[in-house]
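There are 6 protein chains.
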Amino acid sequence: MRMKVCRRAHFNAAHRLYRKDWSDEQNVAIFGKCSNPNYHGHNYELIVGVTGEVDPETGFVIDLKKLKDYIKSEIEEAFDHKNLNEEVVEFKELNPTAENIAIVIWKKLRKKIDTTYDIEVTLYETPRNFVVYNGE
Amino acid sequence: MRMKVCRRAHFNAAHRLYRKDWSDEQNVAIFGKCSNPNYHGHNYELIVGVTGEVDPETGFVIDLKKLKDYIKSEIEEAFDHKNLNEEVVEFKELNPTAENIAIVIWKKLRKKIDTTYDIEVTLYETPRNFVVYNGE
Amino acid sequence: MRMKVCRRAHFNAAHRLYRKDWSDEQNVAIFGKCSNPNYHGHNYELIVGVTGEVDPETGFVIDLKKLKDYIKSEIEEAFDHKNLNEEVVEFKELNPTAENIAIVIWKKLRKKIDTTYDIEVTLYETPRNFVVYNGE
Amino acid sequence: MRMKVCRRAHFNAAHRLYRKDWSDEQNVAIFGKCSNPNYHGHNYELIVGVTGEVDPETGFVIDLKKLKDYIKSEIEEAFDHKNLNEEVVEFKELNPTAENIAIVIWKKLRKKIDTTYDIEVTLYETPRNFVVYNGE
Amino acid sequence: MRMKVCRRAHFNAAHRLYRKDWSDEQNVAIFGKCSNPNYHGHNYELIVGVTGEVDPETGFVIDLKKLKDYIKSEIEEAFDHKNLNEEVVEFKELNPTAENIAIVIWKKLRKKIDTTYDIEVTLYETPRNFVVYNGE
Amino acid sequence: MRMKVCRRAHFNAAHRLYRKDWSDEQNVAIFGKCSNPNYHGHNYELIVGVTGEVDPETGFVIDLKKLKDYIKSEIEEAFDHKNLNEEVVEFKELNPTAENIAIVIWKKLRKKIDTTYDIEVTLYETPRNFVVYNGE
Numbered sequence: 117m118r119m120k121v122c123r124r125a126h127f128n129a130a131h132r133l134y135r136k137d138w139s140d141e142q143n144v145a146i147f148g149k150c151s152n153p154n155y156h157g158h159n160y161e162l163i164v165g166v167t168g169e170v171d172p173e174t175g176f177v178i179d180l181k182k183l184k185d186y187i188k189s190e191i192e193e194a195f196d197h198k199n200l201n202e203e204v205v206e207f208k209e210l211n212p213t214a215e216n217i218a219i220v221i222w223k224k225l226r227k228k229i230d231t232t233y234d235i236e237v238t239l240y241e242t243p244r245n246f247v248v249y250n251g252e
Numbered sequence: 117m118r119m120k121v122c123r124r125a126h127f128n129a130a131h132r133l134y135r136k137d138w139s140d141e142q143n144v145a146i147f148g149k150c151s152n153p154n155y156h157g158h159n160y161e162l163i164v165g166v167t168g169e170v171d172p173e174t175g176f177v178i179d180l181k182k183l184k185d186y187i188k189s190e191i192e193e194a195f196d197h198k199n200l201n202e203e204v205v206e207f208k209e210l211n212p213t214a215e216n217i218a219i220v221i222w223k224k225l226r227k228k229i230d231t232t233y234d235i236e237v238t239l240y241e242t243p244r245n246f247v248v249y250n251g252e
Numbered sequence: 117m118r119m120k121v122c123r124r125a126h127f128n129a130a131h132r133l134y135r136k137d138w139s140d141e142q143n144v145a146i147f148g149k150c151s152n153p154n155y156h157g158h159n160y161e162l163i164v165g166v167t168g169e170v171d172p173e174t175g176f177v178i179d180l181k182k183l184k185d186y187i188k189s190e191i192e193e194a195f196d197h198k199n200l201n202e203e204v205v206e207f208k209e210l211n212p213t214a215e216n217i218a219i220v221i222w223k224k225l226r227k228k229i230d231t232t233y234d235i236e237v238t239l240y241e242t243p244r245n246f247v248v249y250n251g252e
Numbered sequence: 117m118r119m120k121v122c123r124r125a126h127f128n129a130a131h132r133l134y135r136k137d138w139s140d141e142q143n144v145a146i147f148g149k150c151s152n153p154n155y156h157g158h159n160y161e162l163i164v165g166v167t168g169e170v171d172p173e174t175g176f177v178i179d180l181k182k183l184k185d186y187i188k189s190e191i192e193e194a195f196d197h198k199n200l201n202e203e204v205v206e207f208k209e210l211n212p213t214a215e216n217i218a219i220v221i222w223k224k225l226r227k228k229i230d231t232t233y234d235i236e237v238t239l240y241e242t243p244r245n246f247v248v249y250n251g252e
Numbered sequence: 117m118r119m120k121v122c123r124r125a126h127f128n129a130a131h132r133l134y135r136k137d138w139s140d141e142q143n144v145a146i147f148g149k150c151s152n153p154n155y156h157g158h159n160y161e162l163i164v165g166v167t168g169e170v171d172p173e174t175g176f177v178i179d180l181k182k183l184k185d186y187i188k189s190e191i192e193e194a195f196d197h198k199n200l201n202e203e204v205v206e207f208k209e210l211n212p213t214a215e216n217i218a219i220v221i222w223k224k225l226r227k228k229i230d231t232t233y234d235i236e237v238t239l240y241e242t243p244r245n246f247v248v249y250n251g252e
Numbered sequence: 117m118r119m120k121v122c123r124r125a126h127f128n129a130a131h132r133l134y135r136k137d138w139s140d141e142q143n144v145a146i147f148g149k150c151s152n153p154n155y156h157g158h159n160y161e162l163i164v165g166v167t168g169e170v171d172p173e174t175g176f177v178i179d180l181k182k183l184k185d186y187i188k189s190e191i192e193e194a195f196d197h198k199n200l201n202e203e204v205v206e207f208k209e210l211n212p213t214a215e216n217i218a219i220v221i222w223k224k225l226r227k228k229i230d231t232t233y234d235i236e237v238t239l240y241e242t243p244r245n246f247v248v249y250n251g252e
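Residue numbers (the numbering used here), protein chains in the order written: chain D, 117 to 252; chain W, 117 to 252; chain U, 117 to 252; chain P, 117 to 252; chain X, 117 to 252; chain G, 117 to 252.
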């Protein structure tokens, strides 16, 4: 029996949407007020879903304590109370849109979680905007 | 990389579940108090999910401002503070169940959004009842 | 020891904001799209707070089953799936604004609940608009 | 047109994670404080999704009143205010993890709901941990 | 300037409502299914509000890290994943109703937090039932 | 009859907690990771409560459209997608703690709303931390 187990986490961060190789005008045209050079920020709410077989002995798909630990070490400690553009190495050259943040989170967790499991990352940038990425 | 981007919106409307070609008894038997001839209403909460490739240049699946504008012009302005049965043309002959409203929303957005994108409509009639439609 | 005990409930209804003794122009000027003659509607979320002494024998401020029953008989059965203007006697001559609905709910519960208790009614017309009335 | 219709419900229960055939040390090693012999408990929030064709006559995928009744009789009355390990027969020999509870719920509803429908069970053990099972 | 600062926390626990000095019939008559001898349980959601002057130097009413630590040591570690009746000394002879749990939480925090501050405890037993206690 | 009417709004912003006249060590000691010189950010959720008499003619305490407009012009346009420390004049010399932001919001709205009304500002910095200020 195969099932998805989900764990919610969160981090607060500043970011700015822009491309270094674009002019200010181009950045404003595409990213609007999200390209504010002084940054703005969000309370990111994260749901990590892990799909796998239910272990008939424990009744667990995955040890949630381990999943919590991976989320804590890989995501929360790396992103929380940070400026994503300036302080998180993955975004030095990558625009920190919700889409790209979700991909980075997915890739970081993918390295930690056995490949017999599928991973799905749901990232709320605000309660009104969110993205879902499953490695497709 | 393919991903779903979601945007939440809302509208308030009155409706009544019934078929004009049925007797009152039949309408009450099937639709219960939802067939009240004087109408009742809901705060509909809508989540529109759009799935597509992440543009490597912008880091966006879709320009959310455009998605917001489509939702505003096609759905919110058409449905908000309306009587769905009496004032929304799509429901003149179509019973405004949550299912049918979701299909109408999906079709209206389908005309506006490039077909390289998949569209999923989640419609909460109440916090306890909702439907999900993806054009299947 | 005095404490507030709260119970959440909900009902769905249609309504229209308007005064019979005003012209259509005046109604639209003041109530905007809420005065739509064909009605619109809401999922009203209700929180009833009852403040009183904790009974040292039971550890209860009030028997929640009784409070639930009062809310059910007085409010939910009277308002749910109704057209407030047309079908609820209290609003025959009273504009069903969130404020007035909260006052009506408060008065109906006040008759049922012993006056040693204070009553507070919180009524969400939408997740974004709500009122709080305590009989002041 | 095929669509998912969802209904939210809830029940409160006590449980303990452990295997009778394991030592206390083994149970604590794997299940941690969740194996407390005196039990702990949760407000389980349940979302049942039923996927099927929209009936062109009614505009319903399924009669929600029937779905509510099945959830009430099969799940709420069986689990609410119960000790899952001691009082719910399905868990006499089955560890009541969120995963196993979701499977039991799915199987109980599967017997009631016509097999032309797909069923999906989402079970929140807490607002931060949840599982999704669709019978795979 | 005086202001309320609030912090949300949570714990999961089993409990049973009953009085040892009452017969089973009396317990069932008053506490219904909440008096189940095998216990049931809840995800308690707790909001602690602390009201005091804003320190003009820091802009803080209270150091939230300290408040979090008090809640963790006094409440979460004492109550989480416990059987309140059997394992929490304050409820050995006190019925663990939401009201009494809120009073116990208030008293425990009152000993830790300077009396220049007012304390308010909001305790959700379920998303639908909650109590508010401020030491009155 | 006197009643509180509440309106929810939101804005996203970057900020940093620190005092210019303190050393970095002092700032870190008191404000921890919130003093990150590169900023972090939040989705601030705001509830503005306005308490006044219900106008017997309209059934309104206040015209919500006006309240929405004040919140939009005074708060959302001034704070949304901004760096509070760098771009909002009120925080040039004032540490943008949740407490201070709530006071600034209260003062800005106080100038717009007739003094026959009481104003209460609830500001969520995160879903877990919030403050309530009423001008005391």
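It is worth saying that the hints were derived from the structure and are not from the lab. A hint or two may mislead.
What the hints assert, rightly or not - Here are the simulated DSS-like cross-link-like pairs (lysine-lysine), alpha carbons at most 30 Å apart as the crow flies:
1. G:Lys-149 with D:Lys-188
2. W:Lys-223 with W:Lys-181
3. W:Lys-184 with U:Lys-182
4. W:Lys-188 with G:Lys-181
As the list claims (entries may be wrong) - Quick list of the computed label-pair ranges, beta carbon to beta carbon:
5. W:Glu-192 with G:Met-117: 29 to 35 Å
6. G:Pro-153 with D:Asp-230: 49 to 55 Å
7. X:Asp-234 with P:Gln-142: 43 to 49 Å
8. D:Asp-171 with P:Thr-242: 35 to 41 Å
9. P:Lys-228 with W:Gly-148: 54 to 60 Å
10. X:Thr-232 with P:Arg-244: 32 to 38 Å
11. P:Met-117 with U:Asn-250: 46 to 52 Å
12. G:Pro-153 with U:Asp-234: 45 to 51 Å
13. G:Lys-223 with D:Thr-232: 41 to 47 Å
14. W:Asp-185 with U:Val-144: 37 to 43 Å
Predicted model only: the values in this text are computed from it and were never measured. Ideal placement from N, C-alpha and C gives every residue a C-beta, glycine not left out.
Is 37 to 43 Å a correct range for the gap between the Cβ atoms of Asp-185 of chain W and Val-144 of chain U?
26 Å, violated
Outcome for the supplied range 35 to 41 Å, where the beta carbon pair is Asp-171 of chain D and Thr-242 of chain P
Once the Cβ atoms are compared, 21 Å apart, the range 35 to 41 Å for Thr-242 of chain P and Asp-171 of chain D is violated.
Quick check: does the Cβ-Cβ distance between Lys-223 of chain G and Thr-232 of chain D fall within 41 to 47 Å?
57 Å, violated
Return holds or violated for the Cβ distance of Thr-232 of chain X and Arg-244 of chain P against the range 32 to 38 Å.
Holds, since Thr-232 of chain X and Arg-244 of chain P (Cβ atoms, about 34 Å apart) stay within the stated range.
Whether the CB-CB distance between Met-117 of chain P and Asn-250 of chain U falls inside 46 to 52 Å
48 Å, holds
54 to 60 Å was suggested as the range; check whether the CB atoms of Lys-228 of chain P and Gly-148 of chain W agree with it.
20 Å, violated
Would you mind confirming whether the straight-line C-alpha gap from Lys-184 of chain W to Lys-182 of chain U stays at or under 30 Å?
With Cα atoms ~45 Å apart, Lys-184 of chain W and Lys-182 of chain U exceed 30 Å; violated.
For the pair we were handed, Lys-188 of chain W and Lys-181 of chain G, check the Cα-Cα distance against 30 Å.
18 Å, holds
Note whether the CB distance of Asp-234 of chain X and Gln-142 of chain P lies within 43 to 49 Å or breaks it.
48 Å, holds
Hinted pair Lys-223 of chain W and Lys-181 of chain W, Cα distance within 30 Å
20 Å, holds
Does the Cβ pair Glu-192 of chain W, Met-117 of chain G satisfy 29 to 35 Å?
33 Å, holds
Hint says 49 to 55 Å; check whether the CB-CB distance for Pro-153 of chain G and Asp-230 of chain D agrees.
39 Å Cβ-Cβ, so the 49 to 55 Å window is violated.
In this structure, the hints that do not hold are numbers 3, 6, 8, 9, 13 and 14, in rising order.
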